[in-house]
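Given chain A, put chain B in place with the hints provided.
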Amino acid sequence: MAKFLKNAYLFLILFIMYSPILVLVLFSFNNDKIKVWSNFEFSIKPYIDLFSNKAILSALFTTFAVALIAAVVASIIGTIAAIGFFKMRPAIRKALTSVTYLPMMNADIVTGISLMLVFALLHFASGFLTLTLAHITFCIPYVIVSVLPKLSGLNPSVLEAARDLGASQSCIFKKIILPEILPGVITGFLLSVTLSIDDFMISYYTTGAGVQTISTYIYTNRQGIAPPIYALSTIIFFILMILMLTVVFRSKGKNKKEEISL
Amino acid sequence: MKAKSYSIFTMLPFYLWLAIFIVLPLVLLALYSLKAGGTFSLDNYKKLFEPIYMSVLLRSLKLATLATLCCLLFAYPLALILSETKKRQNPVWFFLFIAPMWMNFLIRTLAWRSILDDSGAINMILEALGLNKVTLLGGDGAIISGMVYDLLPYMLFPIYNTVCQIPNHLLEASRDLGAGYFGTLRRIILPMSIPGIVSGITMVFVPSVTTFVFTEFFANGKGMLIGNLIEQQFSRANNWGFGSAVSMLCMAVIVVCMWFVNSGGTDDKGGSAAWQSF
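Chains A and B are the protein sequences, given in the same order.
Here the first sequence stands for residues 354 to 615, where the numbers follow my numbering.
Here the second sequence stands for residues 95 to 372, where the numbers follow my numbering.
Any given hint might turn out to be false.
Sample of chain B residues lacking proximity to chain A, with all beta carbon distances greater than 10 Å (derived) [said to hold, decoys possible]: (1) Phe134; (2) Leu142; (3) Lys156; (4) Leu160; (5) Leu223; (6) Val228; (7) Ile260; (8) Pro261; (9) Asn262; (10) Leu264; (11) Thr278; (12) Leu279; (13) Gly317; (14) Met318.
Reference excerpt, derived from the structure (chain B facing chain A, CB under 10 Å, subset only) [said to hold, decoys possible]: (15) Phe108; (16) Phe143; (17) Pro301.
Since the hints were made in silico from the structure, they are not lab data.
Virtual Cβ for every residue (Gly too), placed ideally from N, Cα, C.
Here chain A stands alone, though its shape is the one from the complex (with noise of 0.2 Å):
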C-alpha cells in the first residue's frame, strides 16, 4: 500500500510536470492559424518556418554560442582559481569566496542590472562581448563550488611523493592534479553550459543592439506566442529525451560490467 502511494505520487508529479511539456509538442503541430483542440490540423508547418525564421535561429545560435564560449573560459578560470584558493589560508580563503561566490547567491537581477551599469561605464556597447563575459562572469562560481571538493579529496602524501621524487610543478598538476579534479572540472563545465542556456535576466540586461538568446527572443515576443516556437521547445525536449536515454544505457551497462566483474 505505501509503496503504490509513493508511486502515485511520482507519477503523479511526473505527470504535472511534463504535460505542459507534451501540450506544447501537440500543438508545434498544429497549423498555426488555429488554436483550438476542436480545430486540429496536422502539419508540419511550424517546423518549416522555424528553420526560415532567421531570428529564431540566430537566437539559437547565440545561445549556444554564447554558453559554449562562456563554459570554457569559466571552466579554465575557475580551475585556476580553485587551485589557488585550496592552497591559501583557511580565513583568506573563505574571504575571497564569500566575494567569488556573490554572483551565485545574489538575484539574477541585481547582478544583470550590476553588470549593465559597468559595461555603461567602460563604454562597452552592449553585444554580444556584454553578454558572453556577463554569462563567464556567473559561472565562474559554479566552477569553484564544483572543483574544491575534488582538491580537497587529493591525497597530500600522493603530492609528497611526487616532489620527492623530483616532479615540476607543471608535472605534478598535469599528471596527478588534473586527473583527480578532472571530474569536477567537467561537471562544472555542463553545470555553466545549462546555466547559460537557461539564463534570462543576466542576458536581458547585458545585451542589446539586436543580439538575442531564446530567453530573450521568447520573451520579447511573449506577447504572441508563434508556433515555431513550440517546434523549437519539441526538438530542445526530444534532444533532452536522448540525452537521457544515453545516461540510462551507459548505467547500465556499469552496472552490468559491475555484476560481471563481482
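Frame of chain A, contents of chain B only:
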C-alpha cells in the same frame, strides 16, 4: 617559493576578473543608489519607504514565501521517495525529474502558461466536458503556480543529494533500535537533510522574489512585484538611481533571509555539499 609564485602570478587574471566583474558592479550599484538629482543623498532610499513601494515589497515577499513553501512541501517527499529507489534505477528517475531544468526557463514558463491560458489545455478539457471556461491567469495563485512549476527541480536537486548522502547504516541502526518510519524521519533524515533544504530554499526563494517574468507571463504584467519595479525604473521610468536603490534593498533582503536560514546549518565547503554528487 613555488607556492607563492603560483598564488600571485597565476591568480592575477582571476583577481582582475573578480575586481572588474564582481566587486565593481556592486560598488557602482551602491553609488548609483545614492545619486538623486545630481547630488549624493539618501532620497532614493527614503522613497522606498513610501507605502506604495513597501506594499510591492511585501507582496513580493509573500508570494515568494508561499511559492518556496509549496516547493518544499512537494519536493521533500519526492526526494525521500526517489532516494529509496536507489537500489533500482536511480539515475533514470532522478534525471526524469531534473531534465526540465535543462529546458530553457522561459520555455517552461511558456508551457505552463499555455496550460492555464483561456484557450489552453485546461480550458479545452473543460469545454470538451461541456463546462464553462475558467480564467485561471491573472491572480496571485497563477503567479505562485508558475513559480512552483518553474522552480521545483531547484528545490528537489539539493534535498535529494543530501538525503542520498545519509549513510544507510544510520537508517538501519535507527530501525533496529525501534524507531518507525516517522521516527527515523524525524530524528535522522530531517536533521541531516537541513543543508539541502537550505540550498533548495535559497535557489527557489531568490528567483521568486526577483524575477519579473512571472507577473509578465501569469498576470499580464499587472500587479507589480519587486522585479517588475526594478525593471520599470531602468526601462520606462529611466530612474536608475531609484532602480539601483530597490536593487540594493533586494540584495539586503536576500542576504538577511539567507543569513536567517543559514544559521540553521552550514558546511564549510561553501555550500558545495549539495552539488557534490552531481
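Hint by hint, here is what the structure shows:
The beta carbon of B:Phe134 sits about 16 Å from the closest Cβ of chain A, which is more than 10 Å, so the claim that it is off the interface holds. Distance to chain A confirms B:Leu142 as a non-interface residue, since its nearest Cβ pair spans about 15 Å, more than 10 Å. The Cβ of B:Lys156 sits about 17 Å from the closest Cβ of chain A, beyond the 10 Å cut-off, so the non-interface label holds. Chain A leaves B:Leu160 outside its interface by the beta-carbon criterion, the shortest separation being 18 Å against a cut-off of 10 Å.
Every CB of chain A is more than 10 Å from the CB of B:Leu223 (nearest about 12 Å), matching its label as outside the interface. Every C-beta of chain A lies more than 10 Å from that of B:Val228, the closest at about 16 Å, which supports listing it as non-interface. Non-interface status of B:Ile260 relative to chain A is upheld: no Cβ of that chain comes within 10 Å, the nearest being about 18 Å off. No Cβ of chain A approaches the Cβ of B:Pro261 within 10 Å, the least distance being about 18 Å, so the stated non-interface status holds.
Every Cβ of chain A is farther than 10 Å from the Cβ of B:Asn262; the closest lies at roughly 18 Å, confirming the non-interface assignment. Non-interface status of B:Leu264 relative to chain A is upheld: no Cβ of that chain comes within 10 Å, the nearest being about 21 Å off. The claim that B:Thr278 is not at the interface with chain A holds, since no C-beta of that chain comes within 10 Å of its own (minimum 14 Å). For B:Leu279, the shortest C-beta to C-beta distance to chain A comes to about 13 Å, beyond the 10 Å cut-off, and the non-interface label holds.
With a least beta-carbon separation of about 16 Å from chain A, B:Gly317 lies farther than 10 Å from that chain, consistent with its non-interface assignment. Against chain A, the non-interface label of B:Met318 holds: every CB pair exceeds 10 Å, the least being about 14 Å. At about 4 Å, the closest approach between the beta carbon of B:Phe108 and any beta carbon in chain A falls short of 10 Å, and the interface hint on this residue holds. The criterion of a C-beta within 10 Å of any C-beta in chain A is not met by B:Phe143, whose closest approach is roughly 20 Å, and the hint is violated.
Restraint check, B:Pro301 versus chain A: the minimum CB separation of about 7 Å is within 10 Å; hint holds.
Violated hint: 16 only; the structure is consistent with all others.
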